[in-house]
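Use the sequences and the hints to build the structure in full.
For the protein sequence lines, the chains are A and B, in the order given.
Just add 1 to the spot in the first sequence (first one is 1) and you have the numbering used here.
Just add 1 to the spot in the second sequence (first one is 1) and you have the numbering used here.
Honestly, the hints are just simulated from the structure, not real lab data.
Mixed in with the good hints, there may be bad ones.
Put simply, identical chains are the same to the list, so a pair is met inside one copy or across any two.
Here are the simulated DSS-like cross-link-like pairs (lysine-lysine), alpha carbons at most 27 Å apart as the crow flies [unchecked claim]: (1) K291 - K68; (2) K312 - K47; (3) K47 - K78; (4) K291 - K119; (5) K126 - K164; (6) K156 - K112; (7) K230 - K364; (8) K126 - K344; (9) K20 - K354.
Keep in mind the model is a prediction, meaning the values are calculated, not measured.
2 protein chains.
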Amino acid sequence: MFKVLEKDGNARYGILYTKSGYIETPAFLPVASFGTVKTMPPNSLKEIGIQGIITNVYHLHQRPGEKIIKKFGGIHKFMSFNGVIFTDSGGYQVYSLSNLKKINEDGVEFKSHIDGRKIFFTPEKVIEIQIDIGSDIFMTLDECPPYPVSYEYAKESLELTIKWAKRSKLFFDEIFKGKNERPLIFGIGQGSIYIDLREKGIEILKEYDFDGYGIGGLAVGEPEEDRKKIISEILSYYPEGKPRYLMGVGYPEDIFFAVKNGIDIFDCVLPTRNARTGLVFTSYGKLRIKNAIYAEDDLPLDPECDCYVCKNFTRGYIRHLFSSGEYLALYLSTYHSLYFYSKLMKNIREAIKEKRLLEFEKKFFEKYKIE
Amino acid sequence: MFKVLEKDGNARYGILYTKSGYIETPAFLPVASFGTVKTMPPNSLKEIGIQGIITNVYHLHQRPGEKIIKKFGGIHKFMSFNGVIFTDSGGYQVYSLSNLKKINEDGVEFKSHIDGRKIFFTPEKVIEIQIDIGSDIFMTLDECPPYPVSYEYAKESLELTIKWAKRSKLFFDEIFKGKNERPLIFGIGQGSIYIDLREKGIEILKEYDFDGYGIGGLAVGEPEEDRKKIISEILSYYPEGKPRYLMGVGYPEDIFFAVKNGIDIFDCVLPTRNARTGLVFTSYGKLRIKNAIYAEDDLPLDPECDCYVCKNFTRGYIRHLFSSGEYLALYLSTYHSLYFYSKLMKNIREAIKEKRLLEFEKKFFEKYKIE
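In structure tokens form, the structure reads like this:
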């Protein structure tokens with residue numbers, strides 16, 4: 002169940018209730034494809050204030066396999082994280098990671114990038130996998146077309162994605178019919194950069210009455226202007242009372258833009274993946290901690306941050322850890338960047354509640370410099 | 002200052018006071034060559050109960066350089082660890098890691114294994130580096146001969162090490178003369194497997210009145226029997242009121258043996274390095290968590306352990322993390338193995354205090370199987 006509690010323009014503050022507790026929205030989900038947010042023990046996630054994470058059917062099906070996770074009592078127990086857990090359907094990973102895809106009406110066959118084995122995903126199979134995983138929020142299998150793609154291909158692909166979404170929902174409803182407690186299921190819209198396709202997609206998806214709606218296939222290489230146009234034009238087609246999840250996005254500037262247009266949920270590898278390369282987020286913008294200028298810098302990563310890392314370590318020390326190939330560098334950078342995102346979302350929620358989002362955005366970007 | 006508070010046979014329970022607080026002995030020091038116990042944020046070390054660690058002149062001189070550490074207020078502040086910090090002199094690392102060593106009366110020239118640069122260490126230089134690092138316990142520069150080595154070479158090498166120890170102590174005393182607060186300095190004895198050389202070494206070192214004595218050059222490939230013979234025969238030559246530090250050793254069985262003979266301090270990479278390869282220590286012996294038999298095992302790494310890792314994660318999950326190449330595997334395994342060592346040392350100290358060390362040892366090895 003989802004409740005929009007406050008609005009500030011089109012921006013919404015809400016609460017999304019799941020079988021494992023709730024998340025306040027707008028929310029940002031760190032990525033935990035293999036059942037771990039890379040480098041982060043779950044007690045660190047808790048300290049940071051992470052409400053929810055997103056794992057992945059594509060990855061978990063291959064390692065360790067959903068039957069193993071089920072045997073261990075589900076993903077929450079398996080990874081010892083008691084927050085809200087989404088599962089991405091793997092549609093995007095089939096497109097971006099696997100080889101030799103063969104797509105037909107029934108599903109998609111692909112070769113694993115992990116061990117080369119052939120795998121066949123159908124919409125129903127992907128629901129079954131998520132049931133075994135035991136996540137709180139399921140995503141439907143979609144086809145994620147590359148960018149650029151012709152209108153014709155995007156249209157056919159969208160039609161397939163919509164059919165798969167319908168099959169997913171019917172299959173899901175059949176299984177959970179009459180059950181008191183059930184996970185939530187989100188349908189994913191596609192349509193590349195073609196606004197009429199995006200709109201058509203959501204109009205049909207709405208009929209299936211999903212618990213929420215994912216917007217997929219963005220941040221795959223399309224120009225920023227196209228992405229912004231889609232986000233600003235299509236959200237009015239979405240049902241007001243359901244959460245809207247912009248998948249795979251993004252930078253703080255993307256998040257502000259999308260929140261103002263009515264997006265409730267985000268996920269992205271940016272804070273974690275970038276941190277592991279030494280690129281961290283700070284109140285003043287991105288910071289490349291490996292740069293030689295930080296060797297003798299005794300400031301914390303972000304002088305305005307009150308996280309464990311910023312309270313205890315200098316830029317000079319963290320740079321030293323990177324220079325020496327030390328694992329702790331990855332942990333400290335990831336911890337800080339996740340805290341930065343967590344605090345950003347918290348501040349955004351507070352600002353919406355107090356109807357001062359634009360003011361907060363202005364203040365944020367007075368310091369934070371986009372490169 | 003060191004106080005032996007209880008004895009059980011030759012085993013001693015004591016307290017070693019330093020400028021950064023005290024450690025209770027027998028103690029085990031995790032290795033933090035580059036100023037970090039690999040994968041471990043210092044708040045985890047605190048949780049685990051780590052009293053002290055050992056960093057390394059060889060590594061820190063090269064990265065980030067002792068002048069940088071000094072600029073940051075010393076090693077404790079730099080790495081945010083407020084326990085006791087030893088610095089190894091790097092003599093062993095010059096022998097084991099570097100290339101093209103040239104040893105003369107004055108010192109040792111070597112090529113860095115990190116960046117190939119030529120470095121010249123003298124006993125005095127190594128003291129100066131440790132002053133800049135700001136550690137609590139300094140070790141003197143030694144020459145660590147390989148195994149096997151001729152009696153003649155071992156004798157000459159020992160003579161050099163002793164001369165260097167004398168120069169180190171004189172230089173150290175000159176610098177800290179009249180100072181209220183000073184670090185401690187330990188002299189290192191060598192002599193390969195030749196007991197008369199070992200004894201001769203300690204007889205001379207004693208005259209220089211070090212704060213403690215390191216036993217170096219063991220666990221370098223010599224037969225276990227030779228090592229045991231040395232440990233059991235030479236300790237009676239050491240001054241009763243000074244701590245004895247067996248460097249680079251070792252396994253739980255080595256620790257019991259050495260404690261019973263009167264060793265007070267240990268360091269070793271075993272718990273940390275092995276953990277990163279998936280080999281962890283448990284109440285029942287070593288466990289190779291990558292083994293396929295653990296894929297569906299829902300026990301913790303050590304069913305009798307009450308650490309964070311054992312209370313929250315299964316063998317199956319940790320094996321999955323290793324299989325998936327996840328960093329968290331390294332953290333969780335290291336955390337547990339360090340906790341195992343920390344608890345082992347605590348139990349040894351309690352047993353000595355209650356004069357039941359042999360009983361505790363017997364009980365320990367009823368479960369713990371040595372391979």
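Which of the numbered hints are not met once you compare them with the structure shown? Violated hint (a single one): 8; every other hint is consistent with the structure.
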